[in-house]
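Q: Chain by chain, the residues run as shown.
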Amino acid sequence: MKPKILVLTCTYCSYAGADMAGVSKIQYPPSAYIVRLICSGREEALFALTALKSGFDGVLFSGCHLPADCHFISGNYKARARVALLKKLLSQLGVEKNRVKLEWISASEGEKFARVISEFTEELEEMKPLPKIVRIRDLGVEEYD
Amino acid sequence: MIKVALVGLSGYCSGCEVALIDLGQEILTKVNIVYSTLVADYEEIPSNIDLSLVSGAVRTEHDIEILKEIREKSSKVIALGTCASFGGIPGLANLYVVRDMLKEVYGEKVLPVEVLKLTRAAAPVSEYIEVDYMIPGCPPPYKLLRDTLLSIVEKNTFPKPPFKTVCDECPLEKKDEFSSKVYRLGEIEIDPSRCLLEQGILCMGIATVAGCKAHCPSRGAPCRGCRGPPPSISDQGERLLSAIASVFSRIDPQQLLEKIPDPAGYFYRFTLPSGTIPYNVEVLRRVKHEDRD
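Chains as they are written, first to last, in the numbering used here: chain A, 190 to 334; chain B, 32 to 324.
Be aware that one or more of the hints could be misleading.
[Said to hold, decoys possible] Straight-line Cα separation of at most 27 Å, DSS-like style, residue types lysine-lysine; simulated pairs: (1) A:Lys290 / B:Lys290; (2) B:Lys290 / A:Lys286; (3) A:Lys191 / A:Lys290.
Just so you know, these hints were derived from the structure itself, not from any lab.
Taking the hints into account, I'd like the entire structure generated from these sequences.
A: Here it is, written out as structure tokens:
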């Protein structure tokens with residue numbers, strides 16, 4: 190089964206970049222589920238955690254290039270700091286940290302968008318699938334031999 | 032007099048009961064304690080309890096049985112303290128697989144096989160039974176606990192719980208100028224009249240529910256988030272992570288990770304079992320593996 194990737198994009202760079210990949214008819218795997226947000230500063234860790242919990246295999250955070258491309262001045266810095274902490278948190282929770290990725294994609298980089306999605310899809314295909322995260326009460330009691 | 036049961040589950044330190052005793056005669060003379068695991072010796076849980084105060088996180092099979100019995104026999108069940116409400120400090124054990132944890136603590140040979148049947152992850156009380164009201168806090172702040180319990184005992188009504196955050200109550204001055212570095216407590220001399228977060232100290236008041244009148248920050252110690260999230264938030268740790276990351280976003284991620292080497296411990300210190308991913312996913316892989324054998 191093809192992996193599912195939640196792609197969080199900002200309006201002014203990354204979503205336009207995805208659009209560019211589309212209008213340029215560049216082929217990339219159908220694994221990307223794109224969500225357009227106003228800015229990469231709106232891309233929160235909660236989206237990634239909820240996505241991984243509800244069946245997505247990976248989450249791509251994307252935004253305008255550092256240091257000064259962000260339409261809202263500092264959104265990309267916020268995304269960068271969040272992804273750094275989120276990766277560490279995920280590895281503490283037993284989730285592979287490579288399931289979360291951060292890439293800067295500008296409005297003209299349709300080719301880069303397609304390449305990132307293809308590479309990320311391949312990486313996720315090689316990983317063991319993430320187990321379905323059930324409620325604590327359904328985990329049951331530890332059995333001893 | 033209403034009949035009250037004080038129930039302590041295994042994941043607890045009995046600090047919440049000590050907080051109850053701290054209220055003195057104001058509450059204890061108005062109720063009839065019919066069951067308690069700490070202050071008296073009762074063998075069986077009586078029926079027709081009016082009010083049950085449950086403290087501690089659910090950690091063993093026995094806890095689950097006790098909880099179900101308490102729910103059946105009492106008309107109101109209140110989660111007292113952060114452990115019962117959100118999982119609390121014992122909930123941090125969810126970062127590890129039970130068997131590894133036991134080996135780490137007791138060694139290879141001594142496993143409490145007969146004594147305890149541990150659940151695979153610690154959980155708040157609401158995971159297993161319906162809870163009528165929560166009084167979080169580690170332990171719950173004196174005035175809040177007294178007013179809440181008086182309202183329940185005398186007027187038979189639950190007061191509206193606070194919905195603002197610690198920052199709303201905090202008297203420290205905020206200038207909207209943030210430090211360009213993160214400091215651990217003790218690394219710098221802090222100005223006790225200014226917002227601690229602005230000075231680069233990690234203070235968790237931004238996503239912690241009010242009610243303690245900013246007890247810690249107003250005395251120069253950062254908030255640790257012991258009262259759990261306000262009602263509008265489901266996952267306190269994630270909110271803290273996202274907020275703290277954006278406050279210190281100009282710092283290089285590597286340096287930020289050096290100062291915050293343990294995000295789960297910092298941000299989920301009191302609420303891991305009620306987070307979005309409430310335990311180490313390795314638990315699931317291990318269970319599946321056992322099933323296959």
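Q: Look at each hint and say if it fits the structure.
A: Here is how each hint holds up against the structure:
1. A threshold of 27 Å between alpha carbons decides the hint, and for Lys290 of chain A with Lys290 of chain B the separation of about 22 Å falls inside it, so the pair holds.
2. For the proposed pair Lys290 of chain B and Lys286 of chain A, the alpha carbon gap of about 19 Å is at most 27 Å, so the pair holds.
3. With a C-alpha separation of about 18 Å, the suggested pair Lys191 of chain A and Lys290 of chain A falls inside the 27 Å cut-off, and the hint holds.
When each numbered hint is compared with the structure, no violation occurs for any of them.
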